[in-house]
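Peer 1: What follows is the residue order along each chain.
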Amino acid sequence: MARNKSILSEARQIERAVTLIHLGARLQVLESETDLSYERLLRLYKEVSGRSPSKGQLPFSTDWFMTWQPNIHASLFLNTHEYLNKVAELDEIDTVIKAYQLYLEQISAQGLEPMLSVTRAWRLVKFVDNGMLTMTPCSKCGGHFITHPHEIARHYVCGLCEPPARAGKGKAAGSLQLHSEPRIDAASRAEPRKAATAA
Amino acid sequence: MRDCSDGNGLMLRPSLNLYSSFHAETQRHFNRKPAAMTSEQILAEIREANLSYLMLAQSLIRSDRDQALFRLGISEETAGLIGALTSAQMMKIATGNTLLCRFRMDDDLVWNLLTSHGKGAANEGVSRLHASILMAGRHQEAA
Numbered sequence: 001m002a003r004n005k006s007i008l009s010e011a012r013q014i015e016r017a018v019t020l021i022h023l024g025a026r027l028q029v030l031e032s033e034t035d036l037s038y039e040r041l042l043r044l045y046k047e048v049s050g051r052s053p054s055k056g057q058l059p060f061s062t063d064w065f066m067t068w069q070p071n072i073h074a075s076l077f078l079n080t081h082e083y084l085n086k087v088a089e090l091d092e093i094d095t096v097i098k099a100y101q102l103y104l105e106q107i108s109a110q111g112l113e114p115m116l117s118v119t120r121a122w123r124l125v126k127f128v129d130n131g132m133l134t135m136t137p138c139s140k141c142g143g144h145f146i147t148h149p150h151e152i153a154r155h156y157v158c159g160l161c162e163p164p165a166r167a168g169k170g171k172a173a174g175s176l177q178l179h180s181e182p183r184i185d186a187a188s189r190a191e192p193r194k195a196a197t198a199a
Numbered sequence: 001m002r003d004c005s006d007g008n009g010l011m012l013r014p015s016l017n018l019y020s021s022f023h024a025e026t027q028r029h030f031n032r033k034p035a036a037m038t039s040e041q042i043l044a045e046i047r048e049a050n051l052s053y054l055m056l057a058q059s060l061i062r063s064d065r066d067q068a069l070f071r072l073g074i075s076e077e078t079a080g081l082i083g084a085l086t087s088a089q090m091m092k093i094a095t096g097n098t099l100l101c102r103f104r105m106d107d108d109l110v111w112n113l114l115t116s117h118g119k120g121a122a123n124e125g126v127s128r129l130h131a132s133i134l135m136a137g138r139h140q141e142a143a
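Chains as they are written, first to last, in this note's numbering: chain X, 1 to 199; chain S, 1 to 143.
Hint data in this document are derived by calculation from the structure and do not stem from the laboratory.
Note that the structure is a prediction, hence the values are computed from the model and not measured.
Per label pair, the in silico range of CB-to-CB distance:
#1 S:84 / X:63: 39 to 49 Å
#2 X:101 / S:108: 22 to 32 Å
#3 X:49 / S:36: 55 to 65 Å
Backbone N, C-alpha and C define an ideal beta-carbon position, used for all residues, glycine too.
Could you put together the complete structure from these sequences and hints?
Peer 2: See below:
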């Protein structure tokens with residue numbers, strides 16, 4: 001990113017930073033995505049959110065994105081991100097912001113709690129950019145899901161077509177639940193697969 | 001004419017308040033038992049739907065163009081055209097015997113997920129999320 005001292009560009013950067021703070025981004029994201037100094041960002045952060053930013057390292061590994069529910073949330077975000085990337089010409093960070101806003105909307109429209117933070121979403125895009133994660137189409141439904149690179153596409157089945165045994169049993173509010181009725185197991189899961197192959 | 005169940009009489013009734021007569025009109029639609037529409041009705045409803053669509057599309061495009069591309073599933077060029085429409089142009093385009101917007105999930109897979117076909121309501125949240133992921137992945141239609 002070119003160091004630009006123009007006031008207009010600074011105004012844009014502040015606006016961007018404010019949007020990110022509202023979405024709950026960690027300070028590290030702001031530092032990396034704007035040219036504003038650490039001190040100014042810190043002041044901005046306190047002014048906008050009314051509290052000091054969380055300290056410490058960003059706690060991320062790629063493994064988080066591989067667990068069942070986070071994978072679904074993150075895949076929804078990344079599909080939206082890719083969509084915007086294809087159709088709109090935006091700066092990288094703006095694509096993340098807009099895709100994340102759309103993700104939040106979609107999740108709340110379905111009565112769920114967002115699991116993916118904007119910081120994680122941002123990291124996810126970086127992971128994909130440098131090849132630590134990728135998207136692989138599911139061999140059953142054709143949807144693109146986040147996987148480790150070199151996943152064998154022919155055999156890959158997403159967590160929604162074949163949920164792992166313990167998936168969806170959590171009772172946390174706003175989390176994805178798979179069938180509260182006990183009997184469904186095999187029968188209901190065979191059903192969507194039939195639909196998928198028929199399509 | 002006046003007592004026909006189709007309710008043409010309603011339109012003949014003098015009304016000063018356009019809005020309330022429109023309201024009565026829509027109310028009537030909900031209460032009515034399914035009956036074939038006359039061709040004037042079809043044209044009127046298509047124009048109504050087209051106008052609503054164009055107005056919504058235009059305000060989405062004007063408030064956030066990039067997100068509108070995602071929401072509407074249209075290309076950059078189409079967004080430019082719709083965004084630049086004047087009201088008069090909109091009226092003109094909306095009038096016709098075809099709808100301007102089209103269905104975005106014309107495949108069994110997404111459709112079954114959205115309607116939770118073949119499963120209980122328990123998995124509905126998961127199915128809808130699944131459908132969202134599939135639909136968000138389809139940018140080739142827009143670009």
